[in-house]
Structures are given as C-alpha cells and as structure tokens.
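Asks: Place chain B on chain A using the hints.
There are 2 protein chains.
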Amino acid sequence: MSQVNIGIIGFGTVGAGTFEALNTNQELITNRVGAKVVVKKIADLDLETDRGIFVDPNIMTTNAMELIDDPEIDIIVELMGGLEKAEEFILKAIKNGKHVVTANKALLAEKGEKIYRAAIKYGINISFEASVGGGIPIIGALKDGLSANRIKTIIGILNGTSNYILTRMTNEGLPYEQVVQEAVKLGFAENPPTLDVNGTDAAHKLAIIVSIIFGAPVPFDQIYREGIDFITPDDIRFADEFGYNIKLLAIARDLGEGLEVRVHPAMISKHHILANVNDAYNAIFLEGDFVGPNLFYGLGAGKHPTGSAVVADIMNVARQIKLGAKNFTPPLAHAIQPKQNICIHSIDELTSAYYIRFSALDQPGVLSRISGILSKHDISISSVIQKGRQIDGSVSIVMLTHESREIQVQNALEEMKGMEILTKKPVMIRVEQQ
Amino acid sequence: MSQVNIGIIGFGTVGAGTFEALNTNQELITNRVGAKVVVKKIADLDLETDRGIFVDPNIMTTNAMELIDDPEIDIIVELMGGLEKAEEFILKAIKNGKHVVTANKALLAEKGEKIYRAAIKYGINISFEASVGGGIPIIGALKDGLSANRIKTIIGILNGTSNYILTRMTNEGLPYEQVVQEAVKLGFAENPPTLDVNGTDAAHKLAIIVSIIFGAPVPFDQIYREGIDFITPDDIRFADEFGYNIKLLAIARDLGEGLEVRVHPAMISKHHILANVNDAYNAIFLEGDFVGPNLFYGLGAGKHPTGSAVVADIMNVARQIKLGAKNFTPPLAHAIQPKQNICIHSIDELTSAYYIRFSALDQPGVLSRISGILSKHDISISSVIQKGRQIDGSVSIVMLTHESREIQVQNALEEMKGMEILTKKPVMIRVEQQ
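First to last, the sequence lines map onto chains A and B.
If you use our numbering, the first sequence corresponds to residues 254 to 687, in order.
If you use our numbering, the second sequence corresponds to residues 254 to 687, in order.
Treat the hints with care, since some could be wrong.
Which copy? The list can't say, so a pair holds if one copy fits it or any two copies do.
What the hints assert, rightly or not - List of simulated lysine to any residue pairs, SDA-like, C-alpha gap at most 20 angstroms:
no. : residue 1 : residue 2
1   : K289      : R403
2   : K289      : P583
3   : K579      : G376
4   : K592      : N276
5   : K523      : R490
6   : K556      : E540
7   : K575      : Q590
8   : K438      : D532
9   : K405      : N284
10  : K289      : Q590
11  : K523      : T420
12  : K405      : N276
13  : K579      : S255
14  : K289      : M254
15  : K640      : K677
16  : K374      : N349
17  : K348      : K367
18  : K405      : Q279
19  : K289      : K592
No wet-lab data here; the hints were simulated from the structure.
All values reported here derive from a predicted model rather than from experimental measurement.
Bound-form chain A, shown alone (with noise of 0.2 angstroms):
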C-alpha cells in the first residue's frame, strides 16, 4: 500500500474539519484512492486549545517551515488563510516541489497569479476546492464536468452570513442591525462581519470562479462591491410586493466584448431557484451554452463541509501521485491561455432593472418632481408604489424601471441630491431580471 504524507498549516476551524474527515473516513479515503493518507505534522501557533479531537502532540509544531521543508512531506495543506505570510509559505511548498491544497480565497483572488505561476513553473498541483461554496464541488465542476461550455452567466448566492442576514429580515421584518447582532451572539457571524456583509468575501469567490471560466486572474480591484448594511425591512416589504426577494448576488456575464462581474443586494424574482436559497446556504446558479441552465446547492462554510472540500483535493491530488501523473493540470484548467485578456465593464455600463425608494414629503407635486428628473435621464418606469403610511414624517415612494443604463440612473440620483423633497438619500436595488 503506497503512502501519501501531508502537512497541515492552521489549525483552526477548517484545519480541525478536514483533520476529523480524514480520521473518521479514512478506510473509505483508502479505498478510493488506492493510497493512505497520512497526516505527518500539523503547524500552528497555538498548540494549547482544544480542537474536540485528539491529535499526537508528536506531530504538532509551531513553526510551518519544519512541514515545507520535511522532504517526506507531498502535499501542503495550507488552512491559516490571511495574505502575505500564506503567500509566502506557498511559494516555498511550490518550489520544494510539493502539492498545494488551500481554501485562502483572500489570496486567491488578490494574488493568485504569482502563485498560479510557479505552480506551472515547478509542475505541481494547486487545488482549492474549499475557497469557494463551502462543501459545495463547484471548482471541479467547472474545470472539469462543465469544461465543454461557454459560460454565460454565473448568478451565485456565495456569502453565507449576508444570506442568513437577510433571510431572517425577511422572514421575520426585523432591521439589519438586530439580526447581525444576534448573528454574532450565536456564532453565525464574525464580530464585526465585514468582508461577508459588505461583499468582499463573495467577490473574493466570484473572481476564483471567473478566473476558472476564463483561464486567467481576474482583476480584483475592478469587480464592483456593495454590502447589504442599507437595506431595511421597507425595502424587504417593497420587494416582496413586486414579486422579489433581496439576496446578496454574486454576478457575472460574459456579454461577448467583455465581462460583467459584480457583487450587490438585488431583487430576484420568487419564482426564480436562487430566490429560496435560504439561510447559511449557499448556490451557484450558471447557464453554459450546451449544458444550459445548472444549480450547485449547500453549505458554503463551517468545518466538516470545508473539509470535505479539502480532503477532496488532497485525494485528488493523492490519486495523480500515485498513477504516477508527472504533469498535472494547471492551477485554472487552461493548458493553453486564452488570446483575450479578461476585460471587466465599469458598473456604470451596466445595463439593468432598478428598485429605487423615495423619502419624500407627504405634499402635492414630489412625485411629478421625482419622475420629472428620471424621464430627463431616460428611465422609464414600470411600476409605483406610493403608500399613505408615514414613516418619520416621510412618504415612501417606491418605483421598479425598465432597463436602463447604470450611469442615467446614477446621475439621476445625482441630480436629486439636496433637492429639500426628499427626507433621505434615495435607496437604489438593482433587479436581476434572469
């Protein structure tokens, strides 16, 4: 029976996860890979706190070096995320010649491509199944089972805190700042929840996965990013009426001459799958021009479904070594780099249905005002909510466009801006109309 050793830097959350996979599912990881897998050293700076599970204190160390440099060692399991010490123990692992698995989406989609290219570079695998959705195999369907097809759209719901937020706004009309609060007191969230909830980490994942339809790093700075922290259970209501739930949606679209790629609160139609995905869960709806439309569905985060993720690479990779591969797949699935670099539109080219709700005050003449500014700037309405209901001394008034151009409505809310009408900054959804 062949051997395959690894290491593991971080061991916390994920690190713990993928430890018990392996343990409670090692006679069947044997028996599908044809090999054991065999966790040599585990590194971390804390060795005192207790995991839950019991590991030989032999194999602990503090310093990750010990396992990168251990020429025994053929796989780094790199579980600590953050940037530049991640990167940089990476790096050394690639040129010692040994496999990398991660879940650093962080890293990944900021700088992936020195990393991508030392793995070609020194022929060896980087697998990173776990930086994207969790448990969800959505890395391997994309480099492999959907490999045939053009992606056209990807629509995914990628943040699991920001989905369970608004899940519970929604089912329970509670406002924002309650539900993060009870989030974080339960565990559900970080304290404070930033990158979920202001879509970095969702943004962090769509770029992985563009980077895989396209065969080259994404430009991260250039994916546009808006967090959740403004909607209120108004606009929930609102929404609900027109038909639509909010959800944190991760978009891209490949329009041909370049490439939508962009996070943001949206209104999705009930009727559409997306649209109940609840909870922490996590979905990843895309349409391939052969396949046509595909749902990936599940837990995007925790422990044991981001080490299955994991252990999924490292018997993957365990696999190649022991059929004895010599080259491996590239880091994104393209042996051949695409001709057309990745060239992502401004927002403010974006075409799209708008939600956009008024602060006014209850007097004669603001609505004719209102819609006076956007028929200035070519948008065109589909639809008026205005309800007698004051809130604050302020009417809502709720309108849904037709399509329009980003940059219209924006210099329409622009035009708006001290207009004494208006009690508060207009609140602008954009409407995902799939």
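Replies: For chain B alone, kept in the frame of chain A given last:
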C-alpha cells in the same frame, strides 16, 4: 500541439449534440485540454438523415469496427444505446486499448460489471458522466469533489419525462393519459414512454450513482421500481392539501446494515428543495457525513446538455492522455473494492409514512372498518380527509399514516381486497419525510 482522436459510434441526438459541442467550442476545448480533439470517424447505420450540422461524409461509416480497429483513434465514444451490440463494441474497444466514453445507462446499470472489469484489466479509462442527469456533473462530483464523504442519502429526480408529466398534472389538474398523449405529440416523450414512466430509466441512473458511492456494481433487479401511471389528479390535489407535491423519486439510503434503493412516486414536502424541481429538470439531492446536504440541478436530457457531459468526459480523458498518464482512475473510482458487499433491503422492510386513498361506498361504518384493519396491522394514522363529494358513486377517504412498516401496509391492503365497501383498489403512495 498534440492531438487526441476520437471515434463516435451512434450518431443520433446525443451524437449530434456531442459533435456540435466539439465544433462550436473547438478553440475553448483546445485551450482547456492543451490538445486538439479531433473526430476522426463516426459510425452509424443511418448515413442519410440530416442531423442539422455539416459532417464531412468521408468520416462517416456504417461499420463501427472500422473505428474500433483504427490504431489512430484514442477514445471510442459509444452513443448508440441498446445492450448487446453496444457491450460488444465497448469490450472490443477496451481490448484494443482504447478509452471509452459512453452515455449508455441501461448497459452500465444492467451489465456494467463485465465492462468495469475489462477496463481495469486493460488499464483504460471508462467515463459515463452523460449516463446520469444529462449535463449535470453529478458523476464527477461523486467520484471527486464529494469523495471524502460517506454519502448517507440520495434523493433524485432522475427522469425528465415523468417529471414533466407530473408537473403538468400538478399545475393544470390534468389526468395522466391526457398529459402523456400531449407530451408524445410535442416530442417531449417517446411513444410509448414506458421506461421513463415505469421507473426503469430512473432506476438505471440510481444504480450507477450507488455503484460509484460503494465502488461496486449494484444488483439491478433488486432495485424496487414503481411507475407513475396510477397517479390521479385527485391524489395530486390531496397531496397539495397535506402540503406535499408528488414526484417520481429515486432514493438510496445507507442504513449502516444494508441499503434502501428504490424508485417510486412519492409525496415530498413543498418546502423541500426537490419539490420545486419542475418540468423536464432533473435534480440530485444528497447528504454526506461531512458535506451535509447538497443539491445538483439541471436539464437531465436533450442533445445539448447530454453533449456537454460527453465532451467533458472526452476532455478529461484527453487531458490524462496528454499528461502521459499510464494508469487511470478505476471506473467506479475505488482503487480498492470495499469488503462489504452491497446488500439491498427488500421493499417489504421499508419504514415510511404512507398516503392511502380509499374509494368507498358512502355508507355508515366504512371509516371504522378501514381504520380497524389498519389498526390491527399496527398502522397508526396521522391525518384523515373524508370529503362529501362523490366520484363515480364513491367517496374518497384519504389517510396519512405515521411511520409504518411497508409489509404491514401491504398486508393491511391485502386483507381489504374484495371488501364490498371498497369500490376500487386503494391507492398507496409513500411519503418522503426527509
């Protein structure tokens, strides 16, 4: 640029879809694989029919052996369907050292073992992503992305035709026969759609899924199968009142000691994500011990989705050929076959909740006699609906049971046979309580 040559046997719908995908996305496929995939020959008995795509007549032949004996062909793509002849061609191709890609679910489910053994013996790769769920990459997910898990539950909607029929019956209140006739007329169903509506096609696909999970072929004749032709609009309406939809479900459960593997119409809560998989869509819901619940959703059949899966398999094998792989992952993704044999429980041993609809004379004492017999067989009732409305001179008495043993339900129904108060054979539908 290296080149991988393929030969396609069977140029019907899926063959044409495969050819079209290879042509349309040629550049993308070359980039992803790092080798050119070339269709060197196509064999079909029918050289006349217009498939709507241009094919060089020089690569067409009626003689499949020309492909199988061609030393330049690396991969044989079997898309002819059927059992004996397809098996013969595949076994010959394997002996000639050719890798095989097939979409032939019936062959793999009913006679897969011989083919798998031959593939292992000759060290070739046999891939069959297209055999289950059309373009949904579920086979790849089970072999790879979910491979760290013990899969405890599979619930699939695996037959698009029967799902289309049940969806129309549900949405439009139409009887089975009328929907089938229209589906045949519209080309959505074969004439007659026997294997689709009697559960055989779904059972083929479920057998393949289970065989990958356990690394061994499944004794196909032990899979319990029941069709949808007895379902009436009345049952769908009553299901609705109880909060259920009726779906043809393919279910496998790992009970620790043996498996449940069964295909039958079942009621499933409207809140379950599978209840909202409609029309010709397929979906596979599964639960792994680490990944938790996962859902895969997409078009389960059709030229393009199935072509997408066939080409993905071709690309995967082409990649491995290009990387100089000498051995391949075994057909069922287990290098070592688990010691435990697959043991499928008889349907009699099932524990489930049941819906039973009695058509009875509208006279005193009926409910008491029926419930008396159920009680005698230890079947406890959770809900009853009895409506005054008569259908053909009878009334419907509908019962939902608590969890009961199938054998007891069958015995109770057996005991009721010939009871003069029952005007028809009772209708029994299992209730999936996941």
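Asks: Does each hint fit the structure? Answer for all of them.
Replies: Structure-based check of all given hints:
1. K289 - R403: between (37 angstroms within a copy, 17 angstroms between copies)
2. K289 - P583: between (25 angstroms within a copy, 17 angstroms between copies)
3. K579 - G376: Result: close both inside a copy and across copies, 8 angstroms intra and 18 angstroms inter.
4. K592 - N276: Close across copies (19 angstroms), not inside one copy (45 angstroms); limit 20 angstroms.
5. K523 - R490: This pair counts as within: shortest intra-copy Cα distance 13 angstroms, inter-copy 23 angstroms.
6. K556 - E540: between (30 angstroms within a copy, 16 angstroms between copies)
7. K575 - Q590: Only across copies: K575 and Q590 sit 17 angstroms apart there, 28 angstroms inside one copy, limit 20 angstroms.
8. K438 - D532: Intra 16 angstroms, inter 42 angstroms, cutoff 20 angstroms: intra-copy only.
9. K405 - N284: Cα proximity of K405 and N284: across copies only (17 angstroms, versus 38 angstroms in one copy).
10. K289 - Q590: between (35 angstroms within a copy, 14 angstroms between copies)
11. K523 - T420: both (13 angstroms within a copy, 18 angstroms between copies)
12. K405 - N276: So K405 and N276 pass the 20 angstroms test across copies only (18 angstroms; inside, 40 angstroms).
13. K579 - S255: Answer is both: 17 angstroms inside a copy and 17 angstroms across each meet the 20 angstroms cutoff.
14. K289 - M254: within (7 angstroms within a copy, 36 angstroms between copies)
15. K640 - K677: Answer is within; shortest intra-copy Cα gap is 17 angstroms, inter-copy 56 angstroms.
16. K374 - N349: within (12 angstroms within a copy, 36 angstroms between copies)
17. K348 - K367: within (12 angstroms within a copy, 44 angstroms between copies)
18. K405 - Q279: Between copies only: 16 angstroms across, 39 angstroms inside.
19. K289 - K592: Classified as between; 17 angstroms across copies, 41 angstroms inside a copy.
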